[in-house]
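K.L.:
Turn these sequences into a full structure, and let the hints guide you.
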Amino acid sequence: MELVINGDKVEVPSTVETVTNLLQNFEVDQKVVIVELNGTILEKKSHQESRLSDGDRIELVHFVGGG
Amino acid sequence: MSERYSRQELFTPIGVDGQAKIRSKHVLIIGAGALGTGSAEGLVRAGVGKLTLVDRDYVEWSNLQRQQLYSEADATNRIPKAVAAKKRLEDINSDAEIESHVMDVSVEEMEQLVNNVDLVVDATDNFDIRMIINDISQKHNVPWVYGACVGSYGISYTIIPNKTPCLACLLESVPIGGLTCDTAGIISPAVQMVVAYQVTEALKILVEDYESLRSKLVSFDLWKNQQTGINVDKMKKINCLSCGDDRTYPNLAFSKRTKTAVLCGRDTVQIRTPNPIERDLDKLASILSQQGKVSQNPYLLSFTKGRHRLVMFKDGRVLIHGTKDIAEAKTLYHRYLG
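Chains as they are written, first to last, in UniProt numbering: chain R, 1 to 67; chain G, 1 to 338.
Hints are all accurate, no fakes.
Below, in silico cross-link-like pairs of lysine-lysine (DSSO-like), each with a Cα-Cα straight-line distance of 27 Å or less:
1. G/204 - G/234
2. R/31 - R/9
3. G/234 - R/44
4. G/216 - G/237
5. R/44 - G/224
6. G/216 - R/45
7. G/236 - R/44
8. G/259 - G/324
9. G/204 - G/163
10. G/236 - G/163
11. G/224 - R/31
12. R/9 - G/216
13. G/216 - G/163
14. G/163 - R/45
Under 10 Å between C-beta atoms, here's a sample of chain R residues computed to sit facing chain G:
15. 30
16. 31
17. 45
18. 67
Only some residues are given here: those of chain R computed to face chain G with a beta carbon under 10 Å:
19. 34
20. 41
21. 44
22. 62
23. 65
Just so you know, the hints here were simulated from the structure itself, not pulled from any lab data.
Heads up, the beta-carbon is just placed ideally off N, CA and C, and yes, glycines get one too.
P.N.:
Structural data, given as structure tokens:
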């Protein structure tokens, strides 16, 4: 499946079916992340049930603390 | 002297009037590490009237790669960052008033520091203090600009009380145990990029051009050639305890704070997280093993670096051996544990 993540086309493995899978795939599932799917910000509790489709546009921003 | 700000005054959104406003404003920067030195230099060169800079740490050799106000002599002599920064900033612009404090900032200190301040710039390295800044900002109606970076990644957001969501609205939980500049490294361009975002937003606020503020949470990864922004306006929560209708400023309450205690006669400081957490000791061990000597048993992880030893318990508590100084202990804690 091809997704557009932060503006770049990215081919993700077929095991990535939900937003939760996607965050695991990018190893940001342990972080505090804001996810926008096709222009709508998702609540964290809906990550598990949010299914992804070919061509979805996703913006991912994770919080870091360094400075 | 009249030429000094001429190029900035030629920039139409600032102009002569904007320059006069910048000169009349007072900015508080919390932290004088990489972000803090960058923002401080930017604002002082831009002609801010008064700058207050606060930091609890001293200059070390590992700072010089990115903390732009410091010299080798500062590192050799272990000069407190707030002291070294003030001296350099006064050399850069003798017209700016520079107030600096060698201080560990918590709630009481923030309550004092925020008086008569027009803007707070976040240049800290952990979320404990950011949540305090967040609630102080709401309580005293002072905007603040969040910024952070690690590796080649950076993030920034501008928080305007009674207008934008606050940091508590954006974070459903406070990030803990993330990678830090001392565990994952940092390249200076990532710092400079965050500084560029923060100082630009600061200038907009100082000249009162609120319309031009960026409403998006912005992030980038310079090494991966990525940049993105999310408009988070809709994340403002009416029931937020920090900025909502029935606000209680929970991050200013004693029970929510990271607690520290010097353990008598042991040359040790204990640090407890505000809320019970379960540390993933295995993951922590793999991160810290690149930095120093690590040993582990089912209950705790011991990490030795130089003359200090950090012992981390599963329940989140950390003992910092080799110091009686709470500020130094907190520095070590946040350096390795985020």
